[in-house]
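Work out the full structure: start from the sequences and follow the hints.
6 protein chains.
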Amino acid sequence: MSDTRKTALVVSAHSADFVWRAGGAIALHASKGWHVHIVCLSFGERGESAKLWKKPGMTLEQVKKDRQREAEEAASILGATVEFLDIGDYPMRADLDVVFKLAEIYRKLRPAFVLSHSLKDPYNFDHPLATHVAQEARVVAQAHGHEPQVPVIGAPPVFLFEPHQPEQCEWKPELFLDITPVWEKKKAAFETMQAQEHLWEYYTRVGLQRGAQASRNSDFKITYAEAFQRVFPHVTQDTLA
Amino acid sequence: MSDTRKTALVVSAHSADFVWRAGGAIALHASKGWHVHIVCLSFGERGESAKLWKKPGMTLEQVKKDRQREAEEAASILGATVEFLDIGDYPMRADLDVVFKLAEIYRKLRPAFVLSHSLKDPYNFDHPLATHVAQEARVVAQAHGHEPQVPVIGAPPVFLFEPHQPEQCEWKPELFLDITPVWEKKKAAFETMQAQEHLWEYYTRVGLQRGAQASRNSDFKITYAEAFQRVFPHVTQDTLA
Amino acid sequence: MSDTRKTALVVSAHSADFVWRAGGAIALHASKGWHVHIVCLSFGERGESAKLWKKPGMTLEQVKKDRQREAEEAASILGATVEFLDIGDYPMRADLDVVFKLAEIYRKLRPAFVLSHSLKDPYNFDHPLATHVAQEARVVAQAHGHEPQVPVIGAPPVFLFEPHQPEQCEWKPELFLDITPVWEKKKAAFETMQAQEHLWEYYTRVGLQRGAQASRNSDFKITYAEAFQRVFPHVTQDTLA
Amino acid sequence: MSDTRKTALVVSAHSADFVWRAGGAIALHASKGWHVHIVCLSFGERGESAKLWKKPGMTLEQVKKDRQREAEEAASILGATVEFLDIGDYPMRADLDVVFKLAEIYRKLRPAFVLSHSLKDPYNFDHPLATHVAQEARVVAQAHGHEPQVPVIGAPPVFLFEPHQPEQCEWKPELFLDITPVWEKKKAAFETMQAQEHLWEYYTRVGLQRGAQASRNSDFKITYAEAFQRVFPHVTQDTLA
Amino acid sequence: MSDTRKTALVVSAHSADFVWRAGGAIALHASKGWHVHIVCLSFGERGESAKLWKKPGMTLEQVKKDRQREAEEAASILGATVEFLDIGDYPMRADLDVVFKLAEIYRKLRPAFVLSHSLKDPYNFDHPLATHVAQEARVVAQAHGHEPQVPVIGAPPVFLFEPHQPEQCEWKPELFLDITPVWEKKKAAFETMQAQEHLWEYYTRVGLQRGAQASRNSDFKITYAEAFQRVFPHVTQDTLA
Amino acid sequence: MSDTRKTALVVSAHSADFVWRAGGAIALHASKGWHVHIVCLSFGERGESAKLWKKPGMTLEQVKKDRQREAEEAASILGATVEFLDIGDYPMRADLDVVFKLAEIYRKLRPAFVLSHSLKDPYNFDHPLATHVAQEARVVAQAHGHEPQVPVIGAPPVFLFEPHQPEQCEWKPELFLDITPVWEKKKAAFETMQAQEHLWEYYTRVGLQRGAQASRNSDFKITYAEAFQRVFPHVTQDTLA
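Residue numbers (the working numbering), protein chains in the order written: chain A, 1 to 241; chain B, 1 to 241; chain C, 1 to 241; chain D, 1 to 241; chain E, 1 to 241; chain F, 1 to 241.
Treat the hints with care, as some may be off.
[Unchecked claim] Covered stretches of chain E, as calculated for chain D (at least 3 residues, CB under 8 Å): (1) 132-144; (2) 164-170; (3) 176-187; (4) 217-224; (5) 230-238.
FYI, nobody ran anything at the bench for these hints, they're computed from the structure. Just so we're clear, the structure is a prediction, and the values are computed from it rather than from any experiment. Note that CB positions come from ideal geometry on N, CA and C, so glycine has one too.
Now the structure itself:
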């Protein structure tokens, strides 16, 4: 019996990125019956686990294990599935195997849309790399000559979620998504991130600011929003508003 | 008995711009029961009526009359209403009266969206001026202290239609609208523009190119499309795709 | 007996802009003995006084009076002087008189730096106009042939304070100023803005976000910050850090 | 007996790119006695041969062979020579050997100018890679310490030919070349591309649109044109027009 | 007997701009038999005559007279004609009369190309205004309905000459012109500018730097060059190099 | 006894880049008691030693030796230390070892700021690579999980020094440093570069032009300056001017 749910793919450089940056979008689509699948390229084990590394006797394997457990718990709260490619971080490098593995996921999942990082980030070079790989794999999955026995995918739109310091990353909000109905889920999800407690308030405020801006750009009353940049033009057969 | 149709506003610098650049969007919304209202700031009498001026004995008044008749016919074919502010062209100048007149139209029409020109155009400075005035009037119409007895408007999105040489105008397609169902109307409308016959084929090809691109950016099969740039971020309470 | 304090000039389109966007910078410099002078080009009487206009029987004159009183109180709390050019808003227009009046203020005050709005703002065209006039007046005040009997000014740097939706205004933080020591003054100042109560929390969050970002871009621990964009390159005879 | 013809180098990511994007420029220069040499980094065997892959029993080797034959025929029609580096596509990767091989070609051919792809292309990451390698090899060929026994090259200008969706690739036409005299050759050349028949009409329309634009930017009457972006400033000892 | 020389138009905001920024281009074309005509919108009397204003008893009229004499002498050395519209400077304002006057000059001169200022200049707002007016007048001169009895012009390319601080003006060299053969004339011309002696060395160095860069971007050996940015794409029926 | 001097790190692609582009900043900080450490990724042996390669019998090893000797002499004149990673040039490639080696240097030196190349350079792809590696290593050195037994660094600002053709590299001066007091040292240092004598005058003029511009953007009188672009926003707890 095949799964007939609509699907979405999230490509996250480190194990927690998907929660801060797209947890609302993930929970919202899951709540509407979508299958959202998250691929974490790494656990953020070297670069985004400062608190864990302060514990005595900590090892790389233990950090990975702890971060994986947190990420799985967060994904579960959001209603999504998650897998880990474990390609390392700080700095991240991705060879052809990673591209082909992601292309395989694209073809299997056949996502209606893709979420990943901003195109630039001078604070974190793993982020633009993750997006580059996610995009390259999307194009490979469209190629008839790549694993020709497996059907190619169409042209799912790619949305870039919000980086930590948006203006420094040349990232611009082009789409606001009302996440008020699922805010409590996003909050619960990021509160599993014990290693990054200092970010809880920061991203609560991001949600409120984007919510206020979403209200100003529409006739809706929105409390919490997530913002996204588009990579490709939107196509519609409907009306413009 | 009030008009309960959804509404859209088109601000066109010259009398024919709305046809080439947004005729499909106009006809499409009209065909779905919208009231689309077009404001032509000028008739394009000086700068976009070369063919008429080649007739012997031509006068400015006659050119205006001819261009108005064509534009009214085109609007009628598209299913829209049209009015003319007659503020002159080449070069166009807009004083406060024009802003206030447009603000009045905004408040009366209460459009769900607005269409106007690109923000830059080194070939035609009337175009960015028209957009600037259209945007300024939108903001004035939002101000509680402007004509305080008349209800303010909300925040209708503004879309910029395609200029003649898009890359030179720093204009980028961010939204493709499938206009295949109304293509024959658009064609009939621009064929009323006897003064600009050389553009018929040009804009037929634009429609086909944008259609092909719309297909590549989606899983739809689209023959003719119009492309638009967004001024403000899109806000949604729905899904991302 | 002449005033030997260092001076700064703030050019604010509407009566409250200076509080939200530069209240911390103003209070900080005042607390260090600077004379900060604020010029409000308008009272924001038409476009930024929605709450007042909802009172029955309200008039333009009364709105102006109320907004002036609030702005004077806010300036007083911040420790600055304020004056109002009353040139109208929504839309704002500035003729040569405004440029010359501002040039006169430049020459009298001889500011060590200038604060004004972002260069673009699709939500509010009065803002970029205010900055344009502030900059044009600065250049006029540098001209030996303008009022040749009055000494010209040097080249005070111009900083652009934060607009409401930074990414949409193509504004980028290039300088973070720690305003933690004067935060209570900024808060007290913006709480005088009874007409815009909905913005209190919004700008508290802006202060906290910019504070967190300021910490990440330095080795300081900063709670509240204001962010600014530079118009001109910085010149130093000191070290680079 | 040495070849005294002027030379040009075209670096094409896939076997057909040179035809759609620069076939006119190639044929025009060939018709004026130039030796135009095309380097195809791959055959486009995996990503741009959809039609071939639909044939039963198709293999990678057969696709390559078919695409090579088409490309050789097209080059021959255009009057150019062509070679294939066969480095694979979708995704393309280029190691140092490719750079050195191209540098060798630069030094042997000593081209008066170079044509390659746009600097960005979110639809096709092989394209910007091809341009990057073409440019890197150009710089290596200028280095006195690279194969010091072979004479270095000068500074041939690099032109970027038109991508499929120009605005999405941040590509801008800076130079229009009238290809009307050789249009029939370009048409004949791209009609050899049986695998991509759907593009024949698309690129015929591109030629006509660029022709119309070329006419508007000059006092020439031009039917078909190709457009190029410059990488380096143009240098002239002649007049400006 | 009509003048059959090729013509070029230079639109200069202040009386000396044309010398520093385009003196080489002017002299070069004049030396090849062109008629180069310079329009100075103002004398730079208020903003660019600091040295004159330091003389006791100086008046606006005297400054204008002195600057006009210098500019006429410089134009004469360069081999060009010059006229002055005397519209004032710091700040410059241009009403419709200025646009129409320039349009008249365009139609009379029928220039093969146009030179004017950069599109932005935060140090000098008269400069971008001059370019804007020069471009607007060009478009008016193309309009069949403007003074319909006078023949319209074609589409002369517009080049933007180098501002004082190029990077701050978002100006980019796209075209280097070798002015070595006429350097002595340019030098003699700017040495007539007694009021701006401090700029002689500055612009000598600009000439040398641009010359060195011109050499690096070509296979020519160039000592002095002037750099220009293009407004419109170049169109050619010749080869690409 | 530990070294208590403040420190700065310079990452130079080739052995001479640091002299032309940052020699003044290096000498200035050294003269104020700083320890400035320079890392040359290569000797510029293949791409920037044209003069040496013209000598008969020259070998790669000899070129490296000569360039190293010059660079050491220049560093010594400037008062800095220098080391060479010898990773090759034209083209430069940097694997993980280079990133880790640089990260180790960051942690050992703990620089107060970092200097490196522009982000783009179409004339020299080694330059942006050097900056990329320098930035990536900075982020790795901040990661608690990288060599967890060694203390992480904070967030030293990164400044990009001036490329050879600034506008073509999309590099913009955001900070002018007065290097007049150490000009003679910079001059002496670059005069050790026998292999690149043609650049002495070029960079003397660069120093003078940037000095003149620094004066115009401040109230200082500056003869020689170096210009830098910032990667990260500046953070201050001081005043704005």
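Right, here's what the structure says about each hint:
1. 132-144: Check failed, 0 qualifying residues.
2. 164-170: violated (count 0)
3. 176-187: holds (count 3)
4. 217-224: Since three or more residues must qualify, the claim that chain D covers the stretch 217-224 of chain E holds, with 5 doing so at under 8 Å.
5. 230-238: Three-residue rule met by the stretch 230-238 of chain E, so holds; n is 7.
The structure does not agree with the numbered hints 1, 2 stated previously, though it agrees with the rest.
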